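Participant: Starting from the known structure of chain A, arrange chain B on it as the hints suggest.
Protein chains: 2
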Amino acid sequence: MKNAIGREIPGETKGQGKLRPFLGAFQGAPETFPRLPPKKRSPPGGNKVFSSLGDLFGDLELKSGATVSFHHHLRDGDAVANMVLAAADKFGLRDLNVSLTGTFAVHAPMIELVKKGVVASLRTSSLYGPVAGAVSRGVFPTPVLIHTHGGRPRAMKNGELSVDVAFVAAPAADRRGNIVGHLGKSACGSLGYAWSDADHAGTVVAVTDNLVPFPLFPPSIPQNKVDRVVAVESLGDPRGIVSGTTRITKDPVALKIAASAAEVISASGLLKEGFSFQTGAGGASLAAARYVAQMMEKDKIRGGFALGGITAHMVGMLERGLFQCLYDVQSFDLESVRSLGRNQNHLEIGADLYANPHSSGCLVDDLDAVILGATEIDLDFNVNVVTGSDGVIMGAAGGHPDTAAGAKLTIVVANLLRSRQPIVVDRVITATTPGETVDVLVTERGVAVNPKNQELKERLVKARLDVKEIDELKSLAEKIAGAPEKVDRDGPVVALVEYRDGTIIDVVRGVSG
Amino acid sequence: MKNAIGREIPGETKGQGKLRPFLGAFQGAPETFPRLPPKKRSPPGGNKVFSSLGDLFGDLELKSGATVSFHHHLRDGDAVANMVLAAADKFGLRDLNVSLTGTFAVHAPMIELVKKGVVASLRTSSLYGPVAGAVSRGVFPTPVLIHTHGGRPRAMKNGELSVDVAFVAAPAADRRGNIVGHLGKSACGSLGYAWSDADHAGTVVAVTDNLVPFPLFPPSIPQNKVDRVVAVESLGDPRGIVSGTTRITKDPVALKIAASAAEVISASGLLKEGFSFQTGAGGASLAAARYVAQMMEKDKIRGGFALGGITAHMVGMLERGLFQCLYDVQSFDLESVRSLGRNQNHLEIGADLYANPHSSGCLVDDLDAVILGATEIDLDFNVNVVTGSDGVIMGAAGGHPDTAAGAKLTIVVANLLRSRQPIVVDRVITATTPGETVDVLVTERGVAVNPKNQELKERLVKARLDVKEIDELKSLAEKIAGAPEKVDRDGPVVALVEYRDGTIIDVVRGVSG
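Line by line, the protein sequences are chains A and B. The first sequence maps to residues 2 to 514 in our numbering. The second sequence maps to residues 2 to 514 in our numbering.
These aren't lab readings, by the way, just hints derived from the structure by calculation. Keep in mind that a hint or two might mislead.
[To be verified] Covered stretches of chain A, going by a simulated chain B footprint (3 or more residues, C-beta under 8 Å):
(1) 36-46
(2) 152-165
(3) 222-231
(4) 335-349
(5) 355-362
(6) 386-398
Note that the structure is a prediction, hence the values are computed from the model and not measured. Built from N, CA and C at the ideal position, the CB exists for glycine as well.
Next comes chain A alone, as it looks inside the complex (with noise of 0.2 Å):
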C-alpha cells in the first residue's frame, strides 16, 4: 500500500509483522499493548556486582530468542554492545534481536554473528560503518528497523518494544547500581538514551570499568532501575567515544551556507528573548550556531534553552548567557562532558523528554528553530538522511525527524551538490523526514521555502535573502551535474524507515555487491 507521502509500503514483513503506514507527521495515533511489567525485588544486603560476563551471564535468566539492548553514546569507542554479544555467543546464545540506539563502525563484528545466528534483528536510530553496508547488501535475516530518537521511547513504553535485558554502558557506577556518565577513563557524558531502558526493561545491567564508592549522587540512572552490575576493564576507546574538539568548518561554501541559515533565523521574527535552538555538530551547523550567537550578543537576546546532542559550542553560549539551560542527551565533546557534570543549568535528559511524540509533552515541541542536514531533499522538501541517492545506508533517522517535525522552523543545510550528485530530487530515494515538517533549504546558491510557510517566505524576502524556488535550485545542480541517475529500487527490503509515531515512512530496498 501507499503511505501518505506515496511510498510503497508493504503490508508486513519478517519480524516486524504488520506494518503501519505512515499517515502524515502529526496523524499518528498512539497505539498501546498490553504489557506485564517485570517482576523485581530488592532483598536487603543482596549482591548486585559481579566481576565479569561469564558470572553475570551465568546468573542472568537470558534465552536465545531474547531482546537486548544497547546505547550509543560511547559511539565509535564503545566495546560494551561487541563484548556482551560474543559473551552471549560464547554462551551459546542464538536469534538475538537487538536494539542498539546507533550503530558504528566499531560494531563490525555483528555482521559475523547475524551471519552465525547469534543476532536475528536489530532496531537503530543509525547505520554507520561497515554494518550499514552489511544491511544494505542483506546480510540480516530481517529488515533492520531504523526508529527515531523519539520513536525509541514511544515503542519502549507502548508495550511495542520489550526489552528482556539492557546493558548500560556506566562511566561510573557504585556496587547500588547508581550509576552516571560524566566520570571516569570512559566519561561519555548523558546518558540520555538508556533512560528508557532503565524504565522498562525486564533486568538492566549496568557495564562499568570505573566503579565508585557508594552512594554515587546525583545519578543519572538510580540503584532502583538497576538490578546488576558487571565490572570490566575497558568500555571502549576515549578517542573513539568523544572528539576531543568539535571544529567550525573553514570551508567557504559551508560559512557561506551557515551565514544563510543564521540570517533566515534572523528573519523568521524568531530570535528573541527565550529563543530556544538546536543545531548538530556538522561543520556549516557549529558555524551558523556561532553566527546565531552573535546576533543574540549584539541585541543582548537571552535566550531559553539549546537541546539535542551538545557541543562545546553550546556549552560557551550557556555560559555566555545566551541561554538560560542546556538539555542534553548525547554530549559530543569532551567540553560537554565536563560541563555536564559541573554547571547545574547543564541538565541531562532521557530521550523521551527528548521527543517521544507520545509523551504528554516532549521538548523538541519547544524549540523555535533547528538545522539540520540531509544528503537529498525533494520537490516536496522531503528529506533523506538514512542512505546516499545511490540508495546504500549510510547515516542517522536520530533526532532528525523529531526536530523538525517539533521546531517552529526547520532549515535544511546543504551543499547543492553532494558527493557530485545534486542534493535537490524530483524524488528523495529513501524518505527519512517527511516535507511538511520542512520549512526551508538552504544552500550555497539560495534558499528554497516550503510553499506551506508563505510568511516565512514573505519574510525572507523582507530581508533580501536570495529565495528561490525548489525547483530553481534543482535545475542549478542539475545544470552543474547533470541529472541523477535513476536507482534501481526493485531489491528485497532490507530496512525499514520507522517514522516518530511508529508508522513506516519509507523502506530501504537492498544493493547488490
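Facilitator: Okay, now just chain B, sitting in the frame of chain A:
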C-alpha cells in the same frame, strides 16, 4: 485465614477483592498485572494550561467510578484534594476511588463526600483527624487500604493500582508542565510521593498557584509526564504545609530515651565511615539524631547519607559534612525546603527509589540505622503505628514498615506508657510492622533486644546499656498502669493494613460511637 504473624485475614473484601495474607517480611513474591499503557500525545503548540478547575473538568475525560490520586506533601495545609473532589462533586461525578498518599485533619470534607457517594474508596498511608475517626466508625462503604510509602509505588508499577487522573500539587509550574516543589508561597519541598503518579497515571494534572516562565528547571517532574496545568488561587495554608521549625524536645524522659537510642547505635558497631541514617521528626527522634551528630563529630565520622522525611536537623548535619548527601522524599520544614532548592547534595527522590521492595533496589535497604515510633509493641516485637491501643485509627504506616525492613538496625523508641496505657503488650491490636524487622525497643526504663539479634544484645550488654527482656518491660509498665483492658475486635473490617509487598498484615475493625 491466619497470616504469618497469626492475624485473621478475610479471604476477600468489598472493593479490594481477594486478599493475600502476609507471609513474612521478605517472603511475598512480586505479583504483576497486565496493563495497557496510557495513550498520550503531544502535538507541538498544544495548550496545557487551564485557568480554573471548572475549565479543566470540562476537558478531562473523567468518569464516575474512576480512580483519582493526590499526594500529601502539603500535609495539613493541603487544599488541593478538597477543591478537586468538590469540583468532581459539582460535575456530578460519583463513586470515585481516591488514592491520597496521606490524610490529615484538613481533609475532613471528604467525609461528607463519602456519605454523598462521591468518594467510594480510599487508599492512604496515614489517617489523622476526622477522616481517621470516620473510617473507624465505618463511614466508608469499603475498607480503606492503608499502604506503606514503598508499597504504593510497587502497586502502581506492577499494575495493581491504576490511576486515571493524578492531581499533583505544584508549588511552581511552567506552562509546559515542568514543576518543582521548593518555590512559591505554597512551597513544600520534595514532591517525591507524586513521582510514581507522574510515571503511571493515565492523565497527570499539575495544580498550581504559581505559574512561572518556561523553562522551569531542573524539574522535580518534567513536562513529558504532565498532561495539564491548572491555575488556582491557592494550594493551601502555608502554616499547615510546613512547620516553621522542628524543635528538639526538652522533656527529660524523651531526652533519656533519645540518649539511649544513640548509645544503641554507637554500641551496634554501625556508627562508622559511610554511616546512613533515618529518623522521624518527633521530639525524641530529633534529640537522638542530635546525640548521634555529636558522636560523629567527636569521632570524626563522615556518614554516607540521611534519608526520608528531611528536617532542618538533617540539613544541618549535611552542611557540617556529617553526611555526603540527603535523599529527600518529603521535606518537613522550611529549612529543608530551602536546602532542597539550593544544595546540590540535597537530592529529591521518588517513593520508588525510597522504599519500593519490588524495585531493583531501594534506599531503605542501604540504611544502617533507623529510629521509629510506636503506639504499641508486643512480645514478638510487632509494632502498631496505625491505631491507638483502643483500636481507633489515628496514625500512619508511612515508611515505618519499609525502613524497619531495610535498615540493618531498627530502633523503636517509646515511653513505657502512652496515654496511661502500657506500650508493651502481649499482642498489638493492629500489627503494622512485623517483629522480625525490629531489632530493639528503647524506653526510659531500659532497652529490649529482639531475640533474633543475639549479637546486638551482647554488644549492648557489653556497652553497659540497661538491657532487659521485653516481657520485663511489659511487667514494669503493668505495675504502673495495670494490665490493659481487652479490646473487642469483633466489628466489621473498616481498614486493611497492607504490608509493603502487597500482602495483608492486619485488618482494623470498626468501633461504635
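Participant: All the hints need checking, so say for each whether the structure fits it.
Facilitator: Right, here's what the structure says about each hint:
1. 36-46: holds (count 11)
2. 152-165: holds (count 3)
3. 222-231: Held - the region 222-231 of chain A has 6 residues with a Cβ nearer than 8 Å to chain B, which meets the minimum of three.
4. 335-349: Since three or more residues must qualify, the claim that chain B covers the region 335-349 of chain A holds, with 3 doing so at under 8 Å.
5. 355-362: Since three or more residues must qualify, the claim that chain B covers the region 355-362 of chain A holds, with 6 doing so at under 8 Å.
6. 386-398: violated (count 0)
Hint 6 alone, counting from the list given before, is not met by this structure.
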